[in-house]
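Protein chains: 2
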Amino acid sequence: MADLGRYKIGTPVVELDTPALLLDLAAFERNVARMAAFFADKPATIRPHSKTHKCPQIALRQLEAGAIGITCAKVSEAEVMAGAGIKDILVANQVSGRIKIDRATDLAGQCDLMVAVDDADNVRQLSEACVAKGVVLRVLVEVDVGMGRCGVQPGEPALGLARQVSGSPGLKLEGLMAYEGHLVTVADPDERAERVRAAFNPLADTVALLERNGLPVPIVSSGGTGTYHITGTFPFVTEIQCGSYVLMDNKYRTIQSEFEPSLTLLATVVSRPVPERIVVDAGLKSMTKEFGWPLPLDGEGVSVRYLSEEHGVLDLAESGRFDGRAGDRFRFMPSHCCTTVNLHEAFHVIQDGMLVDIWPIAGRGCSQ
Amino acid sequence: MADLGRYKIGTPVVELDTPALLLDLAAFERNVARMAAFFADKPATIRPHSKTHKCPQIALRQLEAGAIGITCAKVSEAEVMAGAGIKDILVANQVSGRIKIDRATDLAGQCDLMVAVDDADNVRQLSEACVAKGVVLRVLVEVDVGMGRCGVQPGEPALGLARQVSGSPGLKLEGLMAYEGHLVTVADPDERAERVRAAFNPLADTVALLERNGLPVPIVSSGGTGTYHITGTFPFVTEIQCGSYVLMDNKYRTIQSEFEPSLTLLATVVSRPVPERIVVDAGLKSMTKEFGWPLPLDGEGVSVRYLSEEHGVLDLAESGRFDGRAGDRFRFMPSHCCTTVNLHEAFHVIQDGMLVDIWPIAGRGCSQ
Chain A
21 MADLGRYKIG TPVVELDTPA LLLDLAAFER NVARMAAFFA DKPATIRPHS KTHKCPQIAL
81 RQLEAGAIGI TCAKVSEAEV MAGAGIKDIL VANQVSGRIK IDRATDLAGQ CDLMVAVDDA
141 DNVRQLSEAC VAKGVVLRVL VEVDVGMGRC GVQPGEPALG LARQVSGSPG LKLEGLMAYE
201 GHLVTVADPD ERAERVRAAF NPLADTVALL ERNGLPVPIV SSGGTGTYHI TGTFPFVTEI
261 QCGSYVLMDN KYRTIQSEFE PSLTLLATVV SRPVPERIVV DAGLKSMTKE FGWPLPLDGE
321 GVSVRYLSEE HGVLDLAESG RFDGRAGDRF RFMPSHCCTT VNLHEAFHVI QDGMLVDIWP
381 IAGRGCSQ
Chain B
21 MADLGRYKIG TPVVELDTPA LLLDLAAFER NVARMAAFFA DKPATIRPHS KTHKCPQIAL
81 RQLEAGAIGI TCAKVSEAEV MAGAGIKDIL VANQVSGRIK IDRATDLAGQ CDLMVAVDDA
141 DNVRQLSEAC VAKGVVLRVL VEVDVGMGRC GVQPGEPALG LARQVSGSPG LKLEGLMAYE
201 GHLVTVADPD ERAERVRAAF NPLADTVALL ERNGLPVPIV SSGGTGTYHI TGTFPFVTEI
261 QCGSYVLMDN KYRTIQSEFE PSLTLLATVV SRPVPERIVV DAGLKSMTKE FGWPLPLDGE
321 GVSVRYLSEE HGVLDLAESG RFDGRAGDRF RFMPSHCCTT VNLHEAFHVI QDGMLVDIWP
381 IAGRGCSQ
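Protein chains in written order, with my numbering: chain A, 21 to 388; chain B, 21 to 388.
Only chain A is shown next, with the shape it has when bound in the complex (with noise of 0.2 Å):
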């Protein structure tokens, strides 16, 4: 039976403490059947990524709907999600460093990790590291497709690059990745589709390059919850790092309204010094603003004023309506839910109102 810690099966969300993460479970089920659904009749697959809940509960029931692995995005995050026993790994990013480098190759001998690279003098780190331990590290060759962050250029650059793998004893290549980071955002879906496809031509042009140079290019792996539609469809593609779906949040929830938000932030009302202001015990301690303040669910006319560390600070309009008092709760939709479950320790998971199991956020703050 699941530890619950202080709380039994069956509690009543209002009996909770505050502030707490609540995921809805059949909100969840369902996000990560209909993902599941979508890649069910498809040649390319999914490999979640668990940055969005580092939570070994969640990957493992995505795998179980048929991944074909999950994502991490440190190494530190692969630890945890391999110490619960799961095989298939790609940290989708580069390992630098020495001290990084030694981590992710004790790893690589404990799972089948696979990583990215984008620097001639780090595949020749990671390959002696690899001969030094006798373990085989699979990598991919990361490719910028416009977003501008990491990665080498499509084509001769790629080419290049995807050779010294080849080359490197202690590797395996296993392909290339390329992120869209810049248009899973886009709000326009159309707009969104067709910049996709114009930025995925040259990795296209670069997947057909290599394989004309007698390497392979058995994964492709790319895409996220804004284009896993998109990116997931195309044929030179095999893997989708798709991360949100799962719980979403208020800015996903405007590009991809197919699935649900599953995930709310439960908050305490702890002081309305006068009728018009809410205060709540949830600030940025509890909730992140990066992609703009969390979204009330409570009252009507509710709008968040400014969260400091540990307070929000809400203004009911003149014609809205919140009955609540100090010790009533206030439930919140994250803006982004990867951020703010990192501030987290655990999932209360909830079924018909009531608590139903505690999930750890077992990777929460892995970010090494």
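Quick caveat, the hints were computed from the structure, so don't treat them as lab data. Be aware that one or more of the hints could be misleading.
Which copy? The list can't say, so a pair holds if one copy fits it or any two copies do.
Restricting the straight-line Cα-Cα distance to at most 30 Å, the calculated cross-link-like pairs of lysine-lysine (DSSO-like) are [unchecked claim]:
id : residue 1 : residue 2
1  : Lys-28    : Lys-153
2  : Lys-107   : Lys-153
3  : Lys-62    : Lys-107
4  : Lys-309   : Lys-271
5  : Lys-28    : Lys-271
6  : Lys-309   : Lys-192
7  : Lys-107   : Lys-192
8  : Lys-153   : Lys-192
9  : Lys-192   : Lys-28
10 : Lys-62    : Lys-192
11 : Lys-309   : Lys-62
12 : Lys-153   : Lys-309
13 : Lys-153   : Lys-62
14 : Lys-271   : Lys-62
Go by the hints and put chain B onto chain A.
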């Protein structure tokens, strides 16, 4: 001997895995001593706010240097401090709702706990819970001095609530609390001082009003790092809740230059795909940005273009210089110490470029 995890005492900074929070021990100790020295010859004292560091090792050093007790933001944070043996603790916020009151009154049985109130129903509920458990809770009436967040108005409303507290079994009226949070970062020192003085006149009158009505006001708790030297010299203020002074950051260093930034974030360059773009392994899950971008400390002419979840993307000006490449270290001064610390598990305590201790951030995530 301290548990340094996978590190040994004397490990050079460059051998630490990243992202990692570094605490410059000498600068930290000078900050603690400087604040203590300021109050050594004054009637008021300090009760440092642990929301900044959430670290018992730091709180204990502040107490050793003469602090009268510790201020916490939340009950769960106070539990951590009480667990470290700290006795005199102020939760400088309202404790609202049955569940939180239950938790706070449990804690009042283990330490000398004080909380803030601004609501008559809340006072009644606190009193009932204290009577039921046979504990005594110390109480400060929070007064709004213009911040417009929590607190009753000065004068009669404060007197009325203080009377209620005074007559409530299980509660002990200890005085007043007021936070000039809207003024602590006013850039011009003279303007800051003048506005703080004006804001506190009604509080001075309220202290006198309570005393004229036979209510004791042994404690008036107020102030922060930006106003300790102003608010801390008002004759009616007895305690200052300064927090940031021990760590400082890129925002506070422009406000109070007598304290030294002792906190840095050590990152690693993961990619430098073109000479003018440096990508590091620290993003919004390692550093916060509500007070602006963190300050790059390495190279010359390096600026933050943006932080994504796990990446920091830096631009090198045409005239700038940074000799590092993938695998090399890059340091930042956080822009807001309090929220940045809350993302991390531990301070890596550094002296002469080497690790001398690890101080767990035991209260990290304790927002309940």
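Practice problem: Please flag the earlier hints that this structure goes against, numbers listed from lowest up. | Solution: Violated hints (numbers, rising): 5, 6, 9, 11, 12, 13; every other hint is consistent with the structure.
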